[in-house]
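*Asks:* Kindly generate the complete structure, drawing on both the sequences and the hints.
Numbered per numbering that gives the first Met the number 0, the sequence shown spans residues 0 to 272.
Any given hint might turn out to be false.
Label-pair distances were calculated between CB atoms; the ranges are [to be verified]:
id: 1; residue 1: Asp209; residue 2: Trp172; range: 13 to 23 angstroms
id: 2; residue 1: Ala22; residue 2: Asp209; range: 35 to 45 angstroms
id: 3; residue 1: Gln1; residue 2: Pro87; range: 17 to 27 angstroms
id: 4; residue 1: Phe2; residue 2: His235; range: 31 to 41 angstroms
id: 5; residue 1: Pro190; residue 2: Gly118; range: 42 to 52 angstroms
id: 6; residue 1: Ala15; residue 2: Ala107; range: 18 to 28 angstroms
id: 7; residue 1: Gln97; residue 2: Pro190; range: 40 to 50 angstroms
id: 8; residue 1: His84; residue 2: His199; range: 18 to 28 angstroms
id: 9; residue 1: Ala22; residue 2: Pro210; range: 35 to 45 angstroms
Here are the simulated BS3-like pairs of lysine-lysine, each with C-alpha atoms no more than 30 angstroms apart in a straight line [to be verified]:
id: 10; residue 1: Lys69; residue 2: Lys170
id: 11; residue 1: Lys69; residue 2: Lys16
id: 12; residue 1: Lys170; residue 2: Lys233
id: 13; residue 1: Lys233; residue 2: Lys69
Note that these hints are calculated values from the structure, not bench results.
By construction, the Cβ of each residue, glycine as well, lies at the ideal position given by its N, Cα and C atoms.
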Amino acid sequence: MQFVRPAAVAGTFYPAKASVLRAEVARLLAGAESADEAAAVAWPKAIIVPHAGYVYSGAVAASAYALLAKGRGHIRRVVLLGPAHRVPFHGLALPGVQAMQTPLGVVAVDQAGVAALAGLPQVLEMPAAHAQEHALEVQLPFIQEVLDGVSVIPLVVGDARPEAVAEVLEKLWGGEETVIVISSDLSHYHPYTEARAIDHHTVEEILRFDPQPIEHDQACGATPINGFLPVARKHHLRPRLVDLCNSGDTAGSRDAVVGYAAVAFYGESHDHA
Numbered sequence: 000m001q002f003v004r005p006a007a008v009a010g011t012f013y014p015a016k017a018s019v020l021r022a023e024v025a026r027l028l029a030g031a032e033s034a035d036e037a038a039a040v041a042w043p044k045a046i047i048v049p050h051a052g053y054v055y056s057g058a059v060a061a062s063a064y065a066l067l068a069k070g071r072g073h074i075r076r077v078v079l080l081g082p083a084h085r086v087p088f089h090g091l092a093l094p095g096v097q098a099m100q101t102p103l104g105v106v107a108v109d110q111a112g113v114a115a116l117a118g119l120p121q122v123l124e125m126p127a128a129h130a131q132e133h134a135l136e137v138q139l140p141f142i143q144e145v146l147d148g149v150s151v152i153p154l155v156v157g158d159a160r161p162e163a164v165a166e167v168l169e170k171l172w173g174g175e176e177t178v179i180v181i182s183s184d185l186s187h188y189h190p191y192t193e194a195r196a197i198d199h200h201t202v203e204e205i206l207r208f209d210p211q212p213i214e215h216d217q218a219c220g221a222t223p224i225n226g227f228l229p230v231a232r233k234h235h236l237r238p239r240l241v242d243l244c245n246s247g248d249t250a251g252s253r254d255a256v257v258g259y260a261a262v263a264f265y266g267e268s269h270d271h272a
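*Replies:* See the structure below:
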């Protein structure tokens, strides 16, 4: 087994120099914390966050990660799911490594969590699915800075039925020591006004646990989202929209934009954490 999965998109999606990256994540989190007004007493059980370059979606991602900061010292494990952009395959892929690397150091892969998935036929070990995949990697510096010392269970989600994703999430659900991060952008390459309408509709579907599946043209992470939402509903999580914008609001042209949302899901067991 390869020991570590090296960073693949440092220097493109986020800064490659550790000091610059740490400062950038700190800046994004500071802006998010002041904007959120500490609305929640405790931390979310799960978040949906975008995965574009930090200049485009970093502030939106930070708005959700700032909420997880309340669980620092309590959260020990992050279940991280994102869509496959590079390698097509069926099922959910583990990286087959002991750790994931970023310029900020390494994050351990939770071997107990990996072992818990060993009997599931939809879960495979596929380093190639992770090698150049950005959807999970861009989350790691936030996890490293916000939570410190946690392990991750990184799963790239290929072609899979929602029930297959849900089964994995149930295996790993855990208690307050475990949080779930779903990595997904929203609509891609529509004009600004059209994208805003599409993305508002998508977010409304997510917030009301709409039984109709989210389509892939609404969210590139539709497969992990569609697997997560029924489980979240079953566990009585309460969703809250934290932020919603698109690349036309941040660093791009408004002619063809990509949408970004941060959604936090709170559980009953965290009300008095």
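*Asks:* Are there hints from earlier that the structure breaks, and if so, what are their numbers?
*Replies:* none
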